[in-house]
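Chain by chain, the residues run as shown.
2 protein chains.
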Amino acid sequence: MTMIATCAAAGSAAVLLPVSVTAQQQGMQVSEFRLANGLDVVVIPDRRTPVVTHMLWYRIGSADETPGKSGLAHFLEHLMFKGTEKNPAGRFSQVVATIGGQENAFTSQDYTAYFQRVTKENLEQVMTFEADRMTGLQLTDEVVLPERDVVLEERRMRTDNDPAAQLSEALSAALYVNHPYGRPIIGWMHEIQQLSRESALDFYRRFYTPNNAVLVLAGDLDEKEARALAEKTYGKVPRVAEVAPRVRPVEPEPRAHRRITLADQRVRQPSLSRYYLVPSYRTAAGGEAEALEVLAQILGGGQTSRLYRTLVVEKGIAANAGAWYQGTSLDATRFGLYASPRPGTSLESLEAALDEVVAQIAKHGVDAGEIDRVKTRVIASTIFSQDNQTTLARIYGAALTTGMNTASVKEWPEKIKAVTPEQVQEAAKKWLDIRRAVTGHLVRPQDSAPEKRT
Amino acid sequence: MTMIATCAAAGSAAVLLPVSVTAQQQGMQVSEFRLANGLDVVVIPDRRTPVVTHMLWYRIGSADETPGKSGLAHFLEHLMFKGTEKNPAGRFSQVVATIGGQENAFTSQDYTAYFQRVTKENLEQVMTFEADRMTGLQLTDEVVLPERDVVLEERRMRTDNDPAAQLSEALSAALYVNHPYGRPIIGWMHEIQQLSRESALDFYRRFYTPNNAVLVLAGDLDEKEARALAEKTYGKVPRVAEVAPRVRPVEPEPRAHRRITLADQRVRQPSLSRYYLVPSYRTAAGGEAEALEVLAQILGGGQTSRLYRTLVVEKGIAANAGAWYQGTSLDATRFGLYASPRPGTSLESLEAALDEVVAQIAKHGVDAGEIDRVKTRVIASTIFSQDNQTTLARIYGAALTTGMNTASVKEWPEKIKAVTPEQVQEAAKKWLDIRRAVTGHLVRPQDSAPEKRT
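Quick note, the sequences are listed as chains A and B, same order. Taking our numbering, the leading residue of the first sequence gets 4, the next gets one more, and so forth. Taking our numbering, the leading residue of the second sequence gets 4, the next gets one more, and so forth.
Worth flagging that the hints you see were computed from the coordinates, not collected in a lab. As the structure is a computational prediction, the values presented were derived from the model and not from experiment. Incorrect hints may appear among the rest.
What follows is a list of derived Cβ distance ranges for each label pair [as the list claims (entries may be wrong)]:
| # | chain 1 | residue 1 | chain 2 | residue 2 | range |
| --- | --- | --- | --- | --- | --- |
| 1 | B | Val253 | A | Lys432 | 36 to 44 Å |
| 2 | B | Lys420 | A | Val153 | 34 to 42 Å |
| 3 | B | Pro241 | A | Ala244 | 28 to 36 Å |
| 4 | B | Thr69 | A | Ala410 | 48 to 56 Å |
| 5 | A | Ala244 | B | Arg271 | 54 to 62 Å |
| 6 | A | Ser384 | B | His193 | 30 to 38 Å |
| 7 | A | Val243 | B | Lys89 | 43 to 51 Å |
| 8 | A | Glu351 | B | Thr69 | 40 to 48 Å |
| 9 | B | Ala288 | A | Gly103 | 37 to 45 Å |
| 10 | A | Pro241 | B | Thr69 | 28 to 36 Å |
| 11 | A | Ser384 | B | Arg345 | 51 to 59 Å |
| 12 | B | Ala288 | A | Thr143 | 53 to 61 Å |
| 13 | B | Glu156 | A | Thr379 | 48 to 56 Å |
| 14 | B | Glu245 | A | Gly103 | 54 to 62 Å |
Ideal Cβ positions, reconstructed from N, Cα and C, are used throughout, including at glycine.
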């Protein structure tokens, strides 16, 4: 197993989007405790099969990097597979494969996580491995430099050869003028090229310590078993660093709409993307994040949403259209709209129609029936999500590494239920203000006459 | 004299634009030396009147600030007038006023400078004052907090109440996605509000040290006199800090045109601005910066320039149009175009006409007569600049704090003369590529139908 195929540096918004859990409703006993060395532990019992999902989350992501060293959090994620004194490179992954387990790792703007899914009897072994590499990583230039080439190739594949990914990168860079969310998780090419063994080890020693991590165990065990195993493995890891509060530069109040046109011969389907700068669950005032979540669903959650119905079904000018809200974020985050035109429709007219749909909600609000249907659907999707141990574990891990806690995860469905039509309208008015936005057009060069230079 | 009226935080590109000196031609003996504590000294004799311009330049500007503390370099510039143990607040300025001198201070992205213009017999006194505050600054919250309010008010006046300044700020923020030139010199409002006495002193102690400064003396003295005075005053200041190389995050290769529309009721005259990311004198490969300088003049230097002739005179669609190149910059810098439409002309059609002027040069180049006239004019303007002691001193100070040296200033006219038509065409092709650009439209709300939300 190589990290190229499995790690998820692109930081897709989709993963943590509109799902949560109704743990209380299901009588699920999610518990949490903290070890003496500061490690937070969340236990999510799921007794259906003798399997456990083991995830270790660090409260460290690309937004915590030093300016000029973008990509370091993700690079270190790769390097974490390069071995320790006790376990040479590859042994951990090999053991997971041998016992029929699965493993993965991913880096976001706010966290870096490692996980394995194994049968219960192998849990202690993977916990021992993971605890060992929390502070025991050993790196030589012989392994660091080739791995850097792997990451550079990953960037080429995922971003530099993909115009849509380039545009998305440019949109985030334009949306965030001051906050580090403006830089790509994988890093800028020219900065990845400069990342060194020393930088990686320095970053590792500053941030990889039990008091900066969250262990999530979901599966066939209870709190008592979890505690015993955690004490026996992670409990022995010393607290090697004190970690300062995560205070990042804050965005100034945006006041001018920005537009980006990316023209590339490789574009097959032109498209339109818009990001608005909005509050996250952590930064929002009471109820605003939940209202944005509901608004995203009303505007663009599936084929019954307003954008889809209006642009795709009624007007027939779009092949696709939708909306999303990345609420799980330590700092101010993104609300997105997107649409692709049918042949014969310009991006300009598609954008005008999309703007009209947004303006309708801001002006006339939403009706009670519409909001109820959306809430029911959102909450139902959280019940389905419980069927997936990994999804559940990810929800808790992401929450606890972006400034929320288990209580906020548990209360989430009730808070969604409490969202009123007035709050949704107010959210559209206040946050989907064009001055807070950046709009991207992805086109083929000939589609973009005003940008053409001859 | 208060600092509000005199300090120049806006960092106008105009000051250091296309002027330099032909010192050799004039037989002017500009000399330089370094004191034992690391202070660089430049002496520019000018014996016409018994007056000396005394400038102390620090190699520290807004681009050297810690992220999240924008505005600190400029704030410290204000605080430098708050007194030392030997000289309480206001005494230095009062003495300068009493002796009939002038003083000023300014902060840019790359430097912070303090200057006085006094009669020769008062020079030693101002040098003594300036040397004293190099390391002797004392600050209390009683002076720091009210001065912060002064800076906040300065920001409100200069930027927040001026739509054109807001757009300019937004354009730089969009042009620079990774490098700190993207943040305003004066700082983001919410970050200025958090600047503290401790932050200011910490910044001061790190960067205000003789080995991080350049003393420029222009006027009625020779090298020997200058050396004696410098030794006697600045020579006694200890080297209090070692300063790390100024390595800032580098911009990724831009690849998508960005547009910003700022609509504001206060806009009287709509306008169009474009910035391209281009190399500076320090970062450019041989001859490229000089070619950009000549290109800026051909495109937009005055009423004989191509933009003015085409848009204002021939087509009659613009009230004004021009171009500039901010070559004096430690890192990758801006090349700017601007135009204001006559009533009845849309910004879109004005922009298309402007693009056509640029495209003509990229496609067909410039002719020998045109380039010769521009070079003659540029070089002549440097001769006029010698008549102004302050301008001369500023040219050397800015050069020596942005990675250049006195030799590069002296050689500059010869290098301008050497620019070929082919280099100018190549510069237009390579650097005035729309993908490297951000374009701003400043409009009244009703002028901007596509952005309007009802």
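Against the structure, the hints:
no.	hint	verdict
1	B:Val253 / A:Lys432: 36 to 44 Å	holds (40 Å)
2	B:Lys420 / A:Val153: 34 to 42 Å	violated (50 Å)
3	B:Pro241 / A:Ala244: 28 to 36 Å	holds (35 Å)
4	B:Thr69 / A:Ala410: 48 to 56 Å	violated (35 Å)
5	A:Ala244 / B:Arg271: 54 to 62 Å	holds (56 Å)
6	A:Ser384 / B:His193: 30 to 38 Å	holds (37 Å)
7	A:Val243 / B:Lys89: 43 to 51 Å	holds (47 Å)
8	A:Glu351 / B:Thr69: 40 to 48 Å	holds (42 Å)
9	B:Ala288 / A:Gly103: 37 to 45 Å	violated (57 Å)
10	A:Pro241 / B:Thr69: 28 to 36 Å	holds (30 Å)
11	A:Ser384 / B:Arg345: 51 to 59 Å	holds (57 Å)
12	B:Ala288 / A:Thr143: 53 to 61 Å	violated (36 Å)
13	B:Glu156 / A:Thr379: 48 to 56 Å	holds (52 Å)
14	B:Glu245 / A:Gly103: 54 to 62 Å	holds (57 Å)
In summary, the numbered hints that this structure violates are 2, 4, 9 and 12.
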